[in-house]
Structures are given as C-alpha cells and as structure tokens.
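A.B. asks: Sequence:
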Amino acid sequence: MSDQSTPYQPPRVWKWEGPDGGKFASTNRPVAGATHEKALSVGHHSLQLYSLGTPNGVKITILLEELLASGHLEADYDAWLIRISDGDQFGSGFVAINPNSKIPALVDHSVRPPLRVFESGSILLYLADKFQAFIPQDLHGRTECLNWLFWQVGSAPYVGGGFGHFYAYAPEKLEYPINRFTLEAKRQLDVLERRLQEAPYIAGETYTIADIAIFPWYGGLVEGWLYGASDFLGVQAYPHVKAWADRLLARPAVQRGRRVNRITGPVEEQLPERHDASDFAARAQD
Numbered sequence: 030m031s032d033q034s035t036p037y038q039p040p041r042v043w044k045w046e047g048p049d050g051g052k053f054a055s056t057n058r059p060v061a062g063a064t065h066e067k068a069l070s071v072g073h074h075s076l077q078l079y080s081l082g083t084p085n086g087v088k089i090t091i092l093l094e095e096l097l098a099s100g101h102l103e104a105d106y107d108a109w110l111i112r113i114s115d116g117d118q119f120g121s122g123f124v125a126i127n128p129n130s131k132i133p134a135l136v137d138h139s140v141r142p143p144l145r146v147f148e149s150g151s152i153l154l155y156l157a158d159k160f161q162a163f164i165p166q167d168l169h170g171r172t173e174c175l176n177w178l179f180w181q182v183g184s185a186p187y188v189g190g191g192f193g194h195f196y197a198y199a200p201e202k203l204e205y206p207i208n209r210f211t212l213e214a215k216r217q218l219d220v221l222e223r224r225l226q227e228a229p230y231i232a233g234e235t236y237t238i239a240d241i242a243i244f245p246w247y248g249g250l251v252e253g254w255l256y257g258a259s260d261f262l263g264v265q266a267y268p269h270v271k272a273w274a275d276r277l278l279a280r281p282a283v284q285r286g287r288r289v290n291r292i293t294g295p296v297e298e299q300l301p302e303r304h305d306a307s308d309f310a311a312r313a314q315d
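Taking this note's numbering, I'd label the letters of the sequence shown as residues 30 to 315.
The hints are simulated quantities; they were obtained by calculation from the structure and are not laboratory data.
Be a bit skeptical, because a hint or two may be false.
As the list claims (entries may be wrong) - As a list, the in silico DSBU-like pairs of lysine-lysine whose alpha-carbon atoms are at most 35 Å apart:
(1) 202 <-> 52
(2) 202 <-> 131
(3) 52 <-> 271
(4) 215 <-> 52
(5) 271 <-> 159
(6) 131 <-> 52
(7) 67 <-> 159
(8) 159 <-> 131
(9) 44 <-> 202
(10) 271 <-> 202
(11) 271 <-> 131
(12) 67 <-> 44
(13) 67 <-> 131
(14) 215 <-> 271
(15) 44 <-> 215
(16) 52 <-> 67
(17) 215 <-> 202
Stated by the list, open to error - Computed Cβ-Cβ distance ranges for the label pairs, DEER-style:
(18) 226 <-> 198: 31 to 37 Å
(19) 145 <-> 102: 18 to 24 Å
(20) 170 <-> 197: 34 to 40 Å
(21) 68 <-> 166: 34 to 40 Å
(22) 52 <-> 205: 17 to 23 Å
(23) 167 <-> 73: 34 to 40 Å
(24) 183 <-> 297: 32 to 38 Å
(25) 198 <-> 143: 33 to 39 Å
(26) 204 <-> 226: 28 to 34 Å
(27) 98 <-> 166: 16 to 22 Å
(28) 227 <-> 65: 46 to 52 Å
Built from N, CA and C at the ideal position, the CB exists for glycine as well.
Modelling step: build the complete structure from the supplied sequences, incorporating the hints.
C.D. replies: Put into structure tokens, the structure is as follows:
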C-alpha cells in the first residue's frame with residue numbers, strides 16, 4: 030500500500046511495473062493483442078456469443094432471450110464462457126473477433142462470410158435491427174432509443190471503472206476517488222429518475238434495447254447486487270428507477286438472460302454455458 034502522507038508525484042514518462050494488486054489487476058496491461066493461441070468453440074446455432082455474466086455481458090443474453098420469447102426462433106444461440114480472470118479474452122480466437130479483448134463478442138454465421146460484432150452497444154443495435162424488434166421503427170422513436178443507448182455506453186464507465194473500482198475493487202479505500210465517482214453515479218441515477226417520472230420505459234412507452242442496456246448497470250445498483258452499494262448510494266432516493274428495475278426483473282426473459290454465462294452467486298442461478306433452451310431446466314434439476 031502506498032504512503033498516503035506522501036503525495037504521489039507522476040514521473041515525466043510513465044512506465045508499467047506490472048499488476049497493482051487490485052482485483053482484476055492481472056487482466057490489465059498497456060498493450061493489445063493475443064497472449065496465447067486458443068481457438069474458439071463453435072456450436073450449431075447461427076449466433077455464437079462469447080461472454081461472461083457481467084453487466085455488459087447480460088445485456089446481450091437478456092436481448093437474445095427476449096427475442097426468443099417474442100417468437101424470433103432464428104435468434105437461438107450458443108453462449109460460450111469467457112473467463113476474464115483466466116485471460117481467455119487474450120486468446121487468439123477471441124482477439125480475432127474483438128481486437129479490444131473485452132466481452133461480449135458475437136459472431137453471426139447466418140451471413141457469408143461470418144460477421145463479427147463487438148462492443149455491447151453495437152451488438153444490441155445489430156440484433157435489434159436484424160430482427161426489427163425492441164427498437165422503434167419510426168424516426169423519432171428510434172432516435173430517442175439510440176439517445177439513451179449511447180448515454181449508457183458513455184456513462185457506465187464512470188459507474189464500473191470509476192465508482193465500482195474504487196468502492197469495491199481497489200486495493201486501498203481512497204476518499205477522493207470514491208467521493209468523485211459517487212457524485213457522478215448519483216447524478217446519473219438522478220438523470221434516470223427524472224426520465225422515468227415522464228415515461229414507464231427509458232425511451233418512452235415501450236420496452237426497448239435502451240432499457241436492456243441500462244438495466245444491468247443502474248438496475249443492479251438500485252436492486253443491490255451491483256457492488257453491494259445500495260445503502261451507500263442511498264438508492265431509496267430513486268423510487269422511479271427502482272420501480273422500473275422491478276418491472277424488468279419480473280420478466281422471465283430477463284431472469285433467464287441474467288443466468289447465462291454467470292459463474293458467481295447461488296449455484297441454481299448460474300448457467301455457465303447455454304446451447305439450448307432446455308439447459309435452464311437441466312441446470313435447475315442439477
């Protein structure tokens with residue numbers, strides 16, 4: 030641990046000295062590219078997802094389960110587990126479909142050549158457009174939906190890499206960064222609270238990929254499972270966000286999507302890999 034009585038003085042040129050001891054530190058490095066050869070598995074569905082049950086990962090599995098529940102049978106998928114703590118995201122096969130080495134990543138084998146899609150917001154938009162579902166088809170509705178989708182993409186790093194990192198994962202509890210990112214996390218929750226006073230869903234009257242994108246992050250904060258920080262953040266101050274999160278959490282497709290590629294929490298809520306709808310029932314029986 031650093032001596033907080035001595036202010037840190039940045040060097041003229043920064044040099045990487047290896048992991049800093051924080052959680053997930055071993056997965057961070059200042060260069061891109063593969064560290065080892067490892068091919069990706071491919072199942073029998075057109076859509077192949079490589080992911081982990083993090084907030085960004087479950088966005089995609091929730092949407093896929095919603096598509097299937099809506100009758101889009103071509104949305105059936107294989108979900109392969111990428112263990113980021115083991116460095117799976119740096120395998121050559123994964124880097125080939127996402128040069129940024131972040132989950133989730135998707136390959137659509139229904140087109141030729143197969144199409145890679147990476148970044149969670151891009152995958153949500155791709156699937157919504159592919160199936161013309163969970164995104165408004167009129168100009169005004171679509172634009173409002175995308176406004177909020179990109180709001181989430183731009184805002185959540187302050188919650189995850191900012192608040193979540195310093196509050197839950199950093200090797201030291203430091204007042205300044207925790208206060209700084211708590212300020213921003215609560216401001217963002219207030220943005221959502223004000224919006225959800227106006228409409229039942231983020232983009233308006235209908236449930237869209239904007240809700241699916243925002244729910245795992247901000248719904249997770251007010252429901253208490255993300256960073257265990259609901260008391261610290263005083264989430265009772267955001268009753269409309271809580272009511273919205275409760276409505277989404279009651280959806281069976283959301284419940285299923287939250288289980289896929291999950292390897293933490295109660296065992297009965299985990300489904301490390303998903304290759305068929307029957308996998309949910311089989312796991313429950315196990």
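A.B. asks: Taking the hints in turn, state whether each one holds.
C.D. replies: Structure-based check of all given hints:
1. Restraint check for residue 202 and residue 52: satisfied, since their Cα atoms lie roughly 13 Å apart, inside the 35 Å limit.
2. The straight-line distance between the Cα atoms of residue 202 and residue 131 is roughly 26 Å, inside the 35 Å bound, and the hint therefore holds.
3. For the given pair, residue 52 sits about 29 Å from residue 271 by alpha-carbon distance, which is consistent with the 35 Å threshold.
4. At roughly 24 Å between alpha-carbon atoms, residue 215 and residue 52 fall within 35 Å of each other, so this suggested pair holds.
5. This hinted pair checks out: residue 271 and residue 159 have alpha carbons roughly 31 Å apart, not beyond 35 Å.
6. Under the criterion of a C-alpha separation no larger than 35 Å, the hint pairing residue 131 with residue 52 is consistent with the structure, at around 16 Å.
7. Taking the CA atoms of residue 67 and residue 159, the gap is about 30 Å. The hint holds against a cut of 35 Å.
8. Taken as a hint, the residue 159 and residue 131 pair is honoured in the structure, with Cα atoms around 23 Å apart against an allowance of 35 Å.
9. For the suggested pair residue 44 and residue 202, the alpha carbons sit about 24 Å apart, so the restraint of at most 35 Å is met.
10. For the suggested pair residue 271 and residue 202, the alpha carbons sit about 28 Å apart, so the restraint of at most 35 Å is met.
11. Taking the CA atoms of residue 271 and residue 131, the gap is about 29 Å. The hint holds against a cut of 35 Å.
12. Annotation: proposed proximity of residue 67 to residue 44 holds, straight-line Cα distance about 29 Å (limit 35 Å).
13. Between residue 67 and residue 131 the CA atoms are separated by roughly 16 Å; this keeps the pair inside 35 Å, and the hint holds.
14. For a cut-off of 35 Å, the pair hint linking residue 215 to residue 271 stands: about 14 Å separates their Cα positions.
15. Only pairs whose Cα atoms come within 35 Å are accepted, and residue 44 paired with residue 215 is accepted, the gap being roughly 34 Å.
16. The hinted pair formed by residue 52 and residue 67 meets the criterion: a straight-line CA distance of about 24 Å does not exceed 35 Å.
17. In summary, the hint linking residue 215 to residue 202 is supported, as the alpha carbons are separated by about 19 Å, within the 35 Å threshold.
18. Distance hint check for residue 226 and residue 198: the Cβ-Cβ separation is about 33 Å, which falls inside the suggested range of 31 to 37 Å.
19. Between residue 145 and residue 102 the beta carbons are some 23 Å apart, a value that agrees with the proposed interval 18 to 24 Å.
20. The hinted window of 34 to 40 Å between residue 170 and residue 197 holds, with their beta carbons roughly 36 Å apart.
21. Range check, residue 68 to residue 166: about 39 Å between beta-carbon atoms, so the 34 to 40 Å window is met.
22. Range check, residue 52 to residue 205: Cβ separation about 20 Å, and the 17 to 23 Å hint holds.
23. Residue 167 and residue 73 have their C-beta atoms about 36 Å apart, which keeps the hinted 34 to 40 Å range intact.
24. A beta carbon spacing of about 35 Å between residue 183 and residue 297 agrees with the range 32 to 38 Å that was offered as a hint.
25. Separated by about 35 Å at the C-beta atoms, residue 198 and residue 143 satisfy the suggested range of 33 to 39 Å.
26. The hint said 28 to 34 Å for the Cβ distance between residue 204 and residue 226, and at roughly 32 Å that hint holds.
27. The hint said 16 to 22 Å for the Cβ distance between residue 98 and residue 166, and at roughly 20 Å that hint holds.
28. Between residue 227 and residue 65 the beta carbons are some 50 Å apart, a value that agrees with the proposed interval 46 to 52 Å.
Violation of the numbered hints given earlier is absent; every hint is satisfied by the structure.
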